[in-house]
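Okay, here's what each chain looks like letter by letter:
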Amino acid sequence: MKKQAFETKSITESIVAFSQFARSHGLNVGIQETQDALQSVSGALLTNAALFKNALKTIFCASPEDRRLFDRLFVLFWETNPTDLVVRKNKTTVQGAVEKKANPSIVMLGRGKTDEDAEAGKNVSGANETERLKTTDFSKIGEIDADPLETIARKLFKEMAVRLRRRRKETRRNGPINLRRTIRRSLSYGGEPIDLFRKAHRPKKQRLIVLLDVSGSMDKYSFYLLRFVCALREHFRQLEAFVFSTSLIRISKLLQPNRLELVLTTISRQADNWSGGTKIGACLETFAEQYGKQTLNGSPIVLILSDGLDTGDPNLVGEALFKIQKRAKKVIWLNPLKGMKGYEPLAGGMQAALPWIDVFQSAHNLESLLELENILSDA
Amino acid sequence: MQAFEHPDVIIQALAERNYVADEELATALFLLLKLQKPLLLEGPPGVGKTETALVLSELLDTELIRLQCYEGLDVNAAVYEWNYQKQLLSIKLQEGSDRSIQEKEKHIFNHDYLLKRPLLQSITAETKSPVLLIDELDRSDEEFEAYLLELLSAFQVSIPEMGTLKATHKPYVVLTSNRTRELSDALKRRCLYHWIDYPDLAKEMAIVKKRLPDIEPQLLEQVVAFVQKFRLLKLSKMPGVSETIDWAESLMALGYREVNDRAFEQTLGSILKSAEDIRQVRSEGIGAFS
Ligand SMILES: Nc1ncnc2c1ncn2[C@@H]1O[C@H](COP(=O)(O)OP(=O)(O)OP(=O)(O)O)[C@@H](O)[C@H]1O
Ligand SMILES: [Mg+2]
Chain A
1 MKKQAFETKS ITESIVAFSQ FARSHGLNVG IQETQDALQS VSGALLTNAA LFKNALKTIF
61 CASPEDRRLF DRLFVLFWET NPTDLVVRKN KTTVQGAVEK KANPSIVMLG RGKTDEDAEA
121 GKNVSGANET ERLKTTDFSK IGEIDADPLE TIARKLFKEM AVRLRRRRKE TRRNGPINLR
181 RTIRRSLSYG GEPIDLFRKA HRPKKQRLIV LLDVSGSMDK YSFYLLRFVC ALREHFRQLE
241 AFVFSTSLIR ISKLLQPNRL ELVLTTISRQ ADNWSGGTKI GACLETFAEQ YGKQTLNGSP
301 IVLILSDGLD TGDPNLVGEA LFKIQKRAKK VIWLNPLKGM KGYEPLAGGM QAALPWIDVF
361 QSAHNLESLL ELENILSDA
Chain B
1001 MQAFEHPDVI IQALAERNYV ADEELATALF LLLKLQKPLL LEGPPGVGKT ETALVLSELL
1061 DTELIRLQCY EGLDVNAAVY EWNYQKQLLS IKLQEGSDRS IQEKEKHIFN HDYLLKRPLL
1121 QSITAETKSP VLLIDELDRS DEEFEAYLLE LLSAFQVSIP EMGTLKATHK PYVVLTSNRT
1181 RELSDALKRR CLYHWIDYPD LAKEMAIVKK RLPDIEPQLL EQVVAFVQKF RLLKLSKMPG
1241 VSETIDWAES LMALGYREVN DRAFEQTLGS ILKSAEDIRQ VRSEGIGAFS
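Protein sequence lines correspond, in order, to chains A and B.
1 is the number of the first residue of the first sequence in our numbering; add one for each residue after it.
1001 is the number of the first residue of the second sequence in our numbering; add one for each residue after it.
What the hints contain is simulated information worked out from the structure, not anything from laboratory work.
For each residue, glycine too, the CB sits at the ideal point set by N, CA and C.
Check before you lean on any hint, since a few could be wrong.
As the list claims (entries may be wrong) - Simulated restraints, written as ranges between beta carbons of each label pair: (1) B:SER1100 <-> A:GLU234: 48 to 56 Å; (2) A:GLU289 <-> B:GLN1266: 28 to 36 Å; (3) B:ARG1189 <-> A:GLU289: 40 to 48 Å; (4) B:GLU1143 <-> A:GLN256: 40 to 48 Å; (5) A:ASP195 <-> B:GLY1072: 23 to 31 Å; (6) A:GLU367 <-> B:GLU1143: 28 to 36 Å.
What the hints assert, rightly or not - Computed footprint of chain A on chain B; a stretch qualifies when at least three of its residues, placed anywhere within it, have a C-beta under 8 Å from a C-beta of chain A: (7) 1201-1211; (8) 1259-1270.
What the hints assert, rightly or not - Quick list of in silico lysine to any residue cross-link-like pairs, SDA-like style, CA-CA up to 20 Å: (9) B:LYS1034 <-> A:GLN39; (10) A:LYS134 <-> A:PRO148; (11) B:LYS1166 <-> B:GLU1182; (12) A:LYS253 <-> B:SER1158; (13) B:LYS1104 <-> A:ILE194; (14) B:LYS1273 <-> B:TYR1198; (15) B:LYS1237 <-> B:PRO1045; (16) B:LYS1086 <-> A:ILE194; (17) B:LYS1104 <-> B:LEU1114; (18) A:LYS323 <-> B:LYS1034; (19) A:LYS220 <-> A:LYS293; (20) A:LYS323 <-> A:GLY339; (21) A:LYS293 <-> B:MET1238; (22) A:LYS155 <-> A:GLU131; (23) B:LYS1086 <-> A:LEU187; (24) A:LYS199 <-> B:GLN1085; (25) B:LYS1037 <-> A:GLY30; (26) B:LYS1034 <-> B:TYR1198; (27) B:LYS1209 <-> B:GLY1240; (28) B:LYS1086 <-> A:LYS293; (29) B:LYS1037 <-> A:ARG184; (30) A:LYS253 <-> B:GLY1240; (31) B:LYS1104 <-> A:GLN20; (32) B:LYS1273 <-> B:PRO1217; (33) A:LYS199 <-> B:GLU1161; (34) A:LYS329 <-> A:GLU367.
Turn these sequences into a full structure, and let the hints guide you.
Structure follows, in structure tokens:
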């Protein structure tokens, strides 16, 4: 592949090479875009460098982020000459491959299972065994139980997603009248609308935003919770997901069941200061400021999964949550500690959060997570 | 139609119609015309996205067809609907005639009984390509987006009772979004893309001047400079260009030739739209922004 414009011989060749270059660096440029580019750059657009750049930008980009990336790539490809270009070997790009050295404890938790394992493990455990595992605290799961628990969790989460989805569809009966069908039928009654046909109720799209605490204290829980979030995504197609510890990362796009591993490693790679405390307040604040405009529209449900153990300023938690709660339909906080006997939400951050929470429940074992189905289905 | 062989020609033509476009937007419009691809415009509120489509239709001297999106927008509101009253009436009138039910059915599911909504209108234009504005697409839901995808690829609409209607003149399509949610990749890939940001000082002054040609130079410069500084604050509702114009207009109407303390106090409500924001700016005082 030609890496830079000076290596090519004609403008057509350069544009094709640039398309490949842009694609390999994360822009969504396919054959269609390349053709469009070739077709459009003639006449005026060829004689003026700024116009040429604008034209390609309009064709190659689809978001402000793309546009920023494009500006960099354009300079690299068209405007940099070989001597001042720092060659970076094997630099994987944008959402590219995962670096090998990720936080070991997190990778361990991932364990790299595929769906086939789930099939194979189907009859690992009987009914009693399932019950026992459902109620075991995630933090007390030993090596032996880890595999069967994962299998069961996967199965139950999947069932839950299916049920939630189905419930939304079962509402024909009392929907608005389908005039087209009714009138058609009325033809044989001389225009009397005797048989009324109805449309299914349009289920209102409920959006869900998940904020998952992946700080050190949540270590034991994070993996199962993340899997749970993946399952929720099957139901809430407009799900937005974030993880946080000392900083906030948006993971909505990464969230696909077979890429959990990638998510886990990405998180551990990006979360600087993995065990450097938890800044719940600051992270919620970042969320409200940076993503609030985009994601808090149309009153979504906000789900926070965290133990509330905060090393930042607890007042900040309350303030940020207040802002979020104002625009959310419901704020649900699931706290793994709440499953512990005698737990009281006394930790500063948790205390400060309570006034702005609509539902406060535990999230320490499978059973408690599955409870959420009821909360969500009548939301 | 005038030929637009260079983006500069477009900038010029838009300026004549009181729209200030920079080179990037002009290039995007240039490509829209040249490649006949839909153009997706994203950006914050009030930066002239909707206006772009309006002025484009003037430029091409063609009809503007507008579809305003909202949550729950469906095919019946966007594409077509049968005129049920008229159909019922017709059935009544034909009562006792010896037409068969099939014939009657064919009769009432015909052009005369069809209510064309914007999308159908846009592909059945009679003389020339219209401009189709699909405004605030991010407010519609995903199902509708999927439907739109089909329309934008094939420019045809199929009506079960009538068959497929193909575009006589392919419309020029402009879509806008405030990005309150991400549009699907599939849709975005069908479109050219341009992000309109808040204008810089010079551009915003040019816009206000276009809209309010009689404004005093000093007032113009002050107003725009203030607004540019407001946008650096964490406001709950950022003022768009339309607010800048409103503000300048109110100041002019009140006879102010510059923004002094009193003017500032008196008219803050036409630039800032939330009580919280007004309070914040007031507490910092005019001095903080001049
Ligand atoms: N570049 C410009 N040239 C001239 N007028 C402009 C320009 N940009 C904005 N305006 C003025 O600002 C007003 C608001 O613009 P418009 O309604 O098109 O914004 P919008 O981006 O569609 O906003 P929203 O996202 O709220 O729909 C227009 O009526 C127009 O008067
Ligand atoms: Mg608009």
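Going down the list of hints, with the structure as the test:
1. B:SER1100 <-> A:GLU234: 48 to 56 Å: Taking Cβ atoms as reference, SER1100 (chain B) and GLU234 (chain A) lie about 49 Å apart, which means the hint holds.
2. A:GLU289 <-> B:GLN1266: 28 to 36 Å: Holds, at about 31 Å.
3. B:ARG1189 <-> A:GLU289: 40 to 48 Å: violated, 31 Å
4. B:GLU1143 <-> A:GLN256: 40 to 48 Å: With a Cβ separation near 22 Å, GLU1143 (chain B) and GLN256 (chain A) fall outside 40 to 48 Å, so the hint is violated.
5. A:ASP195 <-> B:GLY1072: 23 to 31 Å: holds, 26 Å
6. A:GLU367 <-> B:GLU1143: 28 to 36 Å: With Cβ atoms ~35 Å apart, the hint holds.
7. 1201-1211: With 0 residues in contact (Cβ-Cβ under 8 Å with chain A), the coverage given for the region 1201-1211 of chain B is violated.
8. 1259-1270: Result for this restraint: violated, n = 0.
9. B:LYS1034 <-> A:GLN39: The hint holds at about 9 Å.
10. A:LYS134 <-> A:PRO148: holds, 11 Å
11. B:LYS1166 <-> B:GLU1182: Roughly 30 Å separates the two Cα atoms, so the pair is violated.
12. A:LYS253 <-> B:SER1158: Cα-Cα ~34 Å, so violated.
13. B:LYS1104 <-> A:ILE194: holds, 18 Å
14. B:LYS1273 <-> B:TYR1198: holds, 17 Å
15. B:LYS1237 <-> B:PRO1045: It holds: about 9 Å lies between the C-alpha atoms, which stays within 20 Å.
16. B:LYS1086 <-> A:ILE194: The given pair, whose Cα atoms are some 18 Å apart, holds under the 20 Å limit.
17. B:LYS1104 <-> B:LEU1114: holds, 15 Å
18. A:LYS323 <-> B:LYS1034: Status violated; Cα separation ~46 Å.
19. A:LYS220 <-> A:LYS293: It is violated: about 33 Å lies between the C-alpha atoms, which goes past 20 Å.
20. A:LYS323 <-> A:GLY339: Since the Cα atoms of LYS323 (chain A) and GLY339 (chain A) sit roughly 28 Å apart, the hinted pair is violated (cutoff 20 Å).
21. A:LYS293 <-> B:MET1238: Satisfied, since the Cα-Cα distance of roughly 11 Å is no more than 20 Å.
22. A:LYS155 <-> A:GLU131: holds, 14 Å
23. B:LYS1086 <-> A:LEU187: Given pair LYS1086 (chain B), LEU187 (chain A) holds - Cα atoms ~13 Å apart, limit 20 Å.
24. A:LYS199 <-> B:GLN1085: Status holds; Cα separation ~19 Å.
25. B:LYS1037 <-> A:GLY30: holds, 16 Å
26. B:LYS1034 <-> B:TYR1198: This hinted pair is violated, its Cα atoms lying about 27 Å apart.
27. B:LYS1209 <-> B:GLY1240: Satisfied, since the Cα-Cα distance of roughly 16 Å is no more than 20 Å.
28. B:LYS1086 <-> A:LYS293: Outside the cut-off at roughly 45 Å; violated.
29. B:LYS1037 <-> A:ARG184: Since the Cα atoms of LYS1037 (chain B) and ARG184 (chain A) sit roughly 39 Å apart, the hinted pair is violated (cutoff 20 Å).
30. A:LYS253 <-> B:GLY1240: With Cα atoms ~30 Å apart, LYS253 (chain A) and GLY1240 (chain B) exceed 20 Å; violated.
31. B:LYS1104 <-> A:GLN20: violated, 59 Å
32. B:LYS1273 <-> B:PRO1217: The hint is violated at about 25 Å.
33. A:LYS199 <-> B:GLU1161: Given that 20 Å is the threshold and the Cα spacing comes to 18 Å, the pair holds.
34. A:LYS329 <-> A:GLU367: Between LYS329 (chain A) and GLU367 (chain A) the Cα gap is close to 25 Å, so the pair fails against 20 Å, i.e. violated.
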